[in-house]
Every structure is written in structure tokens, then in C-alpha cells.
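Given only the sequences and the hints, what does the whole structure look like? Please build it.
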Amino acid sequence: METQLLITNLSSPIVLAFALGVLARVIRSDLDFPPALHASLSIFLLLAIGLKGGVALAAVPIAQLLLPVLMILLGAVLTTASAYLVARHFLKVSVLDSGALAAHYGSVSAVTFIAAQQFAAREFGQVDAVLTALLVVLEAPALVLGVVLALGASSRRQIIEVVSETARGRTMVLLGGGMAIGFVSGADGMRTVSPMFLDLFQGVLMLFLLELGMLAAKHMSDLKRLGMRLVAYAVILPVLHGALGVALGVWAGLSPGGATVMGAMIASASYIAAPAAVRMALPQANAGLCITASLGITFPFNLALGIPLYAKLAAWWS
Amino acid sequence: MTKHSWHDIELLTILAERPLKERLALALEKAGLSFSISEGPAESFGSLAVSDWADEQIRIEILGDFETVNTFATAIADQYFAHHHIVLYCRTVRVLRPEKFARG
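First to last, the sequence lines map onto chains Z and V.
Numbering of the first sequence is given in the numbering used here, commencing with residue 1 and proceeding in unit increments.
Numbering of the second sequence is given in the numbering used here, commencing with residue 1 and proceeding in unit increments.
No wet-lab data here; the hints were simulated from the structure.
Warning: the hint list may mix true and false statements.
[To be verified] Below, simulated SDA-like cross-link-like pairs (lysine to any residue); rule was C-alpha separation at most 20 Å, straight line:
{"no.": "1", "chain 1": "Z", "residue 1": "218", "chain 2": "V", "residue 2": "49"}
{"no.": "2", "chain 1": "V", "residue 1": "21", "chain 2": "Z", "residue 2": "232"}
{"no.": "3", "chain 1": "V", "residue 1": "30", "chain 2": "V", "residue 2": "93"}
{"no.": "4", "chain 1": "V", "residue 1": "21", "chain 2": "V", "residue 2": "99"}
{"no.": "5", "chain 1": "Z", "residue 1": "218", "chain 2": "V", "residue 2": "61"}
{"no.": "6", "chain 1": "V", "residue 1": "21", "chain 2": "Z", "residue 2": "22"}
{"no.": "7", "chain 1": "V", "residue 1": "21", "chain 2": "Z", "residue 2": "218"}
{"no.": "8", "chain 1": "V", "residue 1": "21", "chain 2": "V", "residue 2": "66"}
{"no.": "9", "chain 1": "Z", "residue 1": "218", "chain 2": "Z", "residue 2": "232"}
{"no.": "10", "chain 1": "V", "residue 1": "21", "chain 2": "Z", "residue 2": "280"}
{"no.": "11", "chain 1": "Z", "residue 1": "218", "chain 2": "Z", "residue 2": "22"}
{"no.": "12", "chain 1": "Z", "residue 1": "218", "chain 2": "V", "residue 2": "48"}
If you're wondering where the values come from, they're calculated on a predicted model, not measured in any experiment.
This is the structure we're talking about:
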């Protein structure tokens with residue numbers, strides 16, 4: 001069963017597209033995406049996932065949101081703290097770098113969320129409607145907490161900077177905005193745009209993962225320089241965080257599919273919103289360390305092995 | 001046909017990490033300078049990548065007289081050179097209609 005789950009995941013078009021992207025970089029192929037395409041694809045995906053989430057959320061009573069939101073906030077606090085402590089004591093990096101890493105690992109990767117949602121829908125059928133709202137909630141708290149851990153209590157200016165950077169960032173505008181549009185226009189309104197945002201979703205996701213594979217491979221080449229400890233950090237931490245996320249999802253009353261996605265969200269590390277926000281609030285921190293760990297190691301790990309593992313845990317614990 | 005003549009003017013180019021885009025744009029607007037911003041992978045701006053980790057960077061071009069450009073460049077250097085990936089360079093170019101690039 002475990003092997004079957006793994007094979008199903010590894011043979012999915014999006015994982016294979018990611019692997020193709022890595023391969024293209026390794027063999028130094030002349031395959032190249034026009035600069036504007038990466039931005040266009042991510043705009044499409046974030047808006048589409050927001051729209052779908054908003055429509056689904058319209059059918060959910062507000063009271064049903066409370067427990068999952070509390071659980072995801074608890075997850076954000078615990079994972080930011082653990083990422084900080086492990087960075088300080090295992091990686092032995094400075095307080096600033098530990099805070100920056102904690103901000104990345106406590107926050108969330110939207111693409112990991114999308115990949116987990118696709119996987120959970122395939123394996124378990126429908127997944128819970130509240131998940132996209134949880135994605136929006138999970139983004140900012142860890143960034144603030146990471147800055148506080150790095151700078152202490154006297155970090156008011158930087159906290160404001162992080163909150164402002166995150167709130168104005170493309171991820172939040174597209175996800176939050178898409179959700180609001182989907183929520184207000186409802187399923188009927190969505191029908192008019194579904195040929196674009198629903199029918200094309202899988203194909204666009206595949207293209208995006210192909211490009212992301214090339215980008216991740218670029219950062220993987222930095223691993224030799226940064227050492228095996230960072231690899232261990234970026235693999236072991238997501239497994240522990242993923243298990244915690246699944247447990248929190250089950251306690252929040254989510255379905256096994258929902259708990260899988262929550263596990264993947266908690267296990268993931270941000271590589272779009274966090275680097276931008278951390279660069280502004282903690283410019284002295286080592287940005288290369290954070291982006292290599294989150295995009296070069298943790299993202300491919302979660303995509304290939306982590307998500308099936310969290311699904312297995314969710315099936316056991318539900 | 002009107003006769004136009006060429007005038008010397010400074011072209012300041014700023015290459016910087018992507019997260020600085022909004023801040024630099026705001027500073028330029030406040031200084032009343034005309035500028036253009038493009039963004040893309042480091043490779044798209046020639047071989048000069050501002051950092052070894054950033055996947056995207058920005059390129060800003062500003063036209064103005066030497067004093068204006070120098071004041072702005074100095075302020076940016078004071079603020080960002082310590083901890084940010086940013087490169088500034090300047091060269092003299094010739095333009096028609098120099099008044100178009102006067103401080104607004």
C-alpha cells in the first residue's frame with residue numbers, strides 16, 4: 001500500500017514535470033522560460049486556487065472554521081519555534097539566521113499546498129472546503145514570529161514591515177482576493193470563468209512545476225557549499241512538522257484528505273513570501289541559506305516523498 | 001523640419017534584488033525623477049547578477065543631470081549598501097529634448 005501510494009505520487013504529471021525541470025538544468029539544456037511566464041503562471045495558479053477556495057468556503061458555516069484556524073495558528077507557532085531551536089542548536093547558525101530560517105519554515109508554500117490538494121483529491125476524494133482559508137491564515141504569523149525571535153522585543157519597526165510586505169505581497173493579494181471573488185460570486189458566477197480557471201488548472205500547474213524544477217535545481221547546486229547538516233535540517237524538520245500538521249488536522253475534525261493537506265502545509269517552507277519579507281526585515285540574515293533549504297531541499301522532498309507520507313499518517317490517525 | 005540638438009545627460013542604472021523594487025520606486029517618485037523599472041532573472045540583465053541566490057532582480061534606469069543623479073545615488077548607497085545586494089553605475093549619454101528628463 002505504501003509503495004503504491006508512493007508510485008502513484010511519483011508518476012503523477014506534476015511530479016514528473018518537476019523532475020524534468022531538474023533534469024533540464026542538470027544536463028544544461030537550452031530550455032528556458034521567458035521571464036514573464038513564471039510570474040504569469042503563478043498569478044494564474046494563486047488566483048485559481050483562491051477562486052476555488054472562496055466558492056467552497058461560501059458553503060461552510062463560519063463556526064466550522066474556528067477550530068481549524070486555531071489549529072493552524074498553533075501549528076505555525078510550534079513549527080516556527082522548533083525551526084528556530086533546531087537551527088540554533090543543530091545547524092549552529094546565528095540568532096539572525098535562525099530567525100530567518102524559522103520564518104521560512106513556519107510559513108507556507110502555496111505550491112506544496114496545491115500539490116497536496118491534488119494528491120489528496122486523487123487518493124481520498126473531496127477535500128475540506130476550509131483549507132484555502134487556512135493557507136491564507138498560515139502565511140503571516142510565522143514571518144512575524146521569526147523576526148521577533150531574530151531581533152527580540154525591540155523589533156516593532158521590522159514587524160510592521162513584515163506585516164505590510166506580506167499583506168501587499170502577490171500571494172496574499174491573489175489568494176485573498178481570489179477567495180473574496182469566489183465567495184461573493186459563488187458557484188454560479190464561477191461557471192462563467194471555469195473554462196479558464198478550472199479546466200486549464202492542471203496543465204498550467206504542470207508547466208509551473210517544470211519551471212520550478214529548473215529553479216530548484218539551481219539552488220540544489222549550492223548544497224555542496226552549505227553542507228549536509230542543512231540537508232538533514234531541511235528533510236527531518238518537514239517530516240516532524242508534517243506529522244504535527246496531520247495530528248492537528250485530525251484534531252480539528254478534518255477529513256483524511258484535509259489532514260493530509262494540513263500536514264503538507266505545516267511541513268512546507270515558504271520560498272516566495274518569506275524571502276521577500278525577511279529580506280526587508282532582516283537584511284543581515286543569510287538569504288541564500290534560507291532559499292536553498294526551502295526551495296532546493298524541502299520543496300522537492302515534500303513533493304516527492306513528504307505528501308504521500310502525510311497521507312499515510314492521515315489515513316492511520318483518522 | 002525643426003532642427004533638434006543633442007545634449008549630454010547622466011544615465012544612472014541600478015541593479016538590485018527584487019524585494020527592493022517597491023522601496024526604490026517610492027524613493028524615485030518622491031525625488032520626482034523619471035525612471036523605468038524592469039525585472040527578470042539575473043541572466044536577463046547580462047552577466048551581472050547582484051547576488052548568488054536571488055532568482056529575480058530589478059533594473060532601474062534614471063536620466064537626469066549629474067547633481068540630481070548623484071544626490072539620489074548617494075542616498076541609496078548610504079541606505080542599502082551595508083546589507084542589500086545592489087549595484088549602481090552611471091554613464092553620460094546624449095538625448096534630444098533634455099527638458100523631458102528634468103526633475104518633476
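Status of the hints after comparison with the structure:
| no. | hint | in the structure |
| --- | --- | --- |
| 1 | Z:218 <-> V:49 | 14 Å, holds |
| 2 | V:21 <-> Z:232 | 34 Å, violated |
| 3 | V:30 <-> V:93 | 24 Å, violated |
| 4 | V:21 <-> V:99 | 26 Å, violated |
| 5 | Z:218 <-> V:61 | 28 Å, violated |
| 6 | V:21 <-> Z:22 | 29 Å, violated |
| 7 | V:21 <-> Z:218 | 23 Å, violated |
| 8 | V:21 <-> V:66 | 23 Å, violated |
| 9 | Z:218 <-> Z:232 | 19 Å, holds |
| 10 | V:21 <-> Z:280 | 11 Å, holds |
| 11 | Z:218 <-> Z:22 | 8 Å, holds |
| 12 | Z:218 <-> V:48 | 17 Å, holds |
Consistency note: the structure conflicts with the earlier hints numbered 2, 3, 4, 5, 6, 7 and 8.
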